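Participant: Below, each chain spelled out in residue letters.
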Amino acid sequence: MVPAELKYSESHEWVKQEGNTVIIGITDYAQEELGDIVFVEVPKPGRELKQKESFGVAESVKAVSDLFSPVSGKVVAVNEELSKTPELVNKEPYTGGWIIKVELSQAGELSGLMSAEQYEKLIKEGH
Amino acid sequence: MEKSIFAYQSEPTEYIKSGDSGAIEALIPERFLQRQEPDLPQATEQDVIRHFSRLAGLNYSVDTGFYPLGSCTMKYNPKINEAVADLPGLAGVHPYQDEKSIQGVLELAYGLEQFLLAVSGFQGLTLQPAAGAHGEITGILLIKAYHRLASKKEKRRIILVPDTAHGTNPATAALAGYEVRQVKSDEAGDIDLADLKQNLSPEVAALMLTNPNTLGLFEKNILQVSKMVHEAGALLYGDGANFNALLGLVKPADLGFDVMHFNLHKTFSTPHGGGGPGAGAVGVVEKLIPFLPVPLVKKKGEKFYFDYKVKHSIGKVRSFYGNFLIAVRAYAYFLALGEEGIKKVGRQSILNANYLLRKLKDVYEWPYRRSCMHEFVITPKTGWQVNTLDIAKRIIDYGYHPPTIYFPLIVHEAMMIEPTETETKNTLDEFSAALLSIAQEAQTTPELLKKAPVNSPVGRLDEARAARQLILKYEKAR
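Same order as they appear, the protein sequences are chains A and B.
Residue numbering for the first sequence is 1 to 127, as defined by this note's numbering.
Residue numbering for the second sequence is 1 to 478, as defined by this note's numbering.
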């Protein structure tokens, strides 16, 4: 399940553009690999992120994994629901399980991300 | 009769003597007073005994069955260790006793140090740290103190860890105030020398390395690695969790390690996990001795004593002298095995692991196709309709504790098996037969694995719910 309208990073985050802000979450493939997620650590709104910087942590029954920001910018919102129901990331990775909203500081970075087609190829190769 | 304690008790303070509990209450602010009885469970003594006897029966331990938990060295704990640690002269000794009255205890600590130094090649040692990770932080603080004294100008703020490292390594480095950088593994499963080279700089304080690594492989470029690390002015930290494989074969100091922690509770057969406490002795090369925690146990003529005069000591890392009775058990283990016995430990653990690996390598996926050390990593074959968790759960049905799963992180669906040297060929044959049978089931009746375990006191637990809804204290059933 790789929605065509989204952009993707090599570290398995998805990006949905809404004007000058983007919504970021992890892909269906990523949540499947992680297994049942029991805790998601999110950054404080207002934090400035650089591209590829770790912005949080997803803890599953298998492992603890860093989350990496596919873009640079300021965190303007975080998904508060995840503190009570982290399983949203498993159940609805592309909708209810979104993680943060970021106001872009380098809009050009978006064009460097993968298309759905490219990302699908990446996960088929087993990365 | 001794006067001190009883004299004190015979003169209670005014408000206790009065027998008036109101007087005590008057001393405590209202908001801290509990006006209701505590909500404690009520049960008869008989029910309590039955409850805990039942739980004890459900427990699975090295004493009840094979426990192939990778990187944990769940070897048998000889019962002579327990008998020795229970001797009144050792179990009853008090940390405030005069040195003169505990010469035997000091001799034992000194003797264990000598044994550990002999098998590791290090020159100095502390028995203080209370467990493996505590040994790690002690070792890294020694490195920090060393760099700080060596140069005021240098800012060594980075510690490197390979991507196969135990999770405690980056956690230790971060706790000690370092930035953690990851070094990749190459295709053969060794640390990637090119990536190491790129990461080494005058800002690097140390590389934390486990050898054999968590893939169960001997880092074959270790001499090159230690040379590169030292040339960059950094030190090489050894995670001793896998030292069992080297015991009697290789001395870590000869490989270029500057400091290493020993898990007495793994390599030297003392109690482990919930049965702890552990002990994480730390050995160092000569240049790190001036930084060791105080006190050190020293010998002068025929007398043993505590030496608090360690010039640049990082201070105490544990009250008194560490988990001393664990050291007693390790000492008993050394004496029981003797020099010849100790030399066989590493060899036999490697032989056992390779024997098991050869039985399984064609049926399971074997990602790093090299002879292993004391442990190895296999995975389900591509195309099986089950994952590693299902296999692990099915292993419970066959009466074994499952191996370590989903670690190391760089292997997809990893299953890490460490048989240890204390298991017989018979046990290894039976366990491999179980794993081969499970491999068969994975292909013919995968639903059997998906449902597993079915022969255990409880079925498959909801691990996510167990982590999301913790119940850590007594609560009345609603």
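FYI, nobody ran anything at the bench for these hints, they're computed from the structure.
On a predicted model such as this, the values are computed, not experimentally measured, just so you know.
Incorrect hints may appear among the rest.
[As the list claims (entries may be wrong)] Restricting the straight-line Cα-Cα distance to at most 30 Å, the calculated cross-link-like pairs of lysine-lysine (DSSO-like) are:
1) B:K450 x A:K52
2) A:K62 x B:K152
3) B:K361 x A:K124
4) B:K155 x A:K84
5) B:K473 x A:K121
6) B:K79 x A:K62
7) A:K52 x B:K155
8) B:K473 x A:K124
9) B:K155 x A:K124
10) A:K124 x B:K381
11) A:K50 x B:K361
Participant: Going back to the hint list, which numbers does this structure go against?
Facilitator: 1, 2, 4, 5, 6, 8, 9, 11
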